[in-house]
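Chemist: In order, the protein sequences belong to chains P and W.
As numbered in the working numbering, residues 72 to 184 make up the first sequence, in order.
As numbered in the working numbering, residues 165 to 277 make up the second sequence, in order.
Calculated from the structure, these hints are not laboratory results.
Do not take every clue at face value.
As the list claims (entries may be wrong) - Here are some chain W residues the structure puts well away from chain P; computed CB gaps all over 10 Å:
1. 181
2. 184
3. 191
4. 193
5. 206
6. 227
7. 233
8. 237
9. 243
10. 247
11. 265
What the hints assert, rightly or not - Stretch by stretch, here's where chain P covers chain W in the computed footprint (C-beta under 8 Å, at least three residues):
12. 208-221
13. 267-277
This structure is a prediction, so every number in the text was calculated from the model and none was measured.
Glycine residues also receive a C-beta, built at the ideal position from the N, C-alpha and C atoms.
The chain contents come next:
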Amino acid sequence: DAEITQSPRHKITETGRQVTLACHQTWNHNNMFWYRQDLGHGLRLIHYSYGVQDTNKGEVSDGYSVSRSNTEDLPLTLESAASSQTSVYFCASSDGGRVYEQYFGPGTRLTVT
Amino acid sequence: AQSVAQPEDQVNVAEGNPLTVKCTYSVSGNPYLFWYVQYPNRGLQFLLKYITGDNLVKGSYGFEAEFNKSQTSFHLKKPSALVSDSALYFCAVSDNYGQNFVFGPGTRLSVLP
Numbered sequence: 072d073a074e075i076t077q078s079p080r081h082k083i084t085e086t087g088r089q090v091t092l093a094c095h096q097t098w099n100h101n102n103m104f105w106y107r108q109d110l111g112h113g114l115r116l117i118h119y120s121y122g123v124q125d126t127n128k129g130e131v132s133d134g135y136s137v138s139r140s141n142t143e144d145l146p147l148t149l150e151s152a153a154s155s156q157t158s159v160y161f162c163a164s165s166d167g168g169r170v171y172e173q174y175f176g177p178g179t180r181l182t183v184t
Numbered sequence: 165a166q167s168v169a170q171p172e173d174q175v176n177v178a179e180g181n182p183l184t185v186k187c188t189y190s191v192s193g194n195p196y197l198f199w200y201v202q203y204p205n206r207g208l209q210f211l212l213k214y215i216t217g218d219n220l221v222k223g224s225y226g227f228e229a230e231f232n233k234s235q236t237s238f239h240l241k242k243p244s245a246l247v248s249d250s251a252l253y254f255c256a257v258s259d260n261y262g263q264n265f266v267f268g269p270g271t272r273l274s275v276l277p
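Generate the whole structure from the sequences, applying the supplied hints.
Modeler: Okay, structure coming up:
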């Protein structure tokens with residue numbers, strides 16, 4: 072069955088380190104998204120991509136970057152981790168065609184100490 | 165730009181009673197509306213969507229939602245609540261093709277036995 076996976080599921084890192092969170096989907100979806108979820112803020116969009124080599128900034132993109140070299144993967148990189156980036160991160164995908172809903176991965180809990 | 169409001173942080177309902185989780189939206193053009201559910205330590209799961217057609221939309225696990233264009237609302241309903249329905253519910257709106265999603269802040273539903 073098609074799915075969307077994230078790794079690692081839990082990560083503890085130190086302030087200033089570079090961290091990359093992986094997202095892999097087997098739906099063959101064109102659209103992929105990264106969100107962070109924090110208490111009191113709901114889900115906030117970090118970056119998104121509508122296809123290979125396409126990336127766009129979302130609402131809270133500062134300190135994050137993404138690259139899309141193939142359809143299946145959209146890794147999220149924290150260039151220099153900060154305590155304010157402690158959060159739960161969700162990856163999602165959608166095909167952007169007749170089916171509109173986004174499908175979510177299980178999430179990565181990141182703690183920056 | 166589109167926006168979503170969920171006016172209730174918390175909804176409590178007794179098992180077997182009907183439940184309603186409220187959502188209002190703002191979008192230019194035709195709205196594409198979605199409900200998601202999140203169980204503890206899990207990603208968001210798609211429940212149902214309104215794209216066009218009948219104002220009453222039926223979805224997973226016995227949930228349904230009523231689209232009301234004049235009131236710009238898309239309330240989630242279930243005729244008889246189960247304890248297992250206790251979770252965090254998110255309403256979302258998209259302007260076209262499921263690309264520009266905006267999520268509401270979430271409503272925590274507690275179904276009491």
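Chemist: State the violated hints by number, sorted upward, taking the hints as numbered earlier in the document.
Modeler: 5, 11
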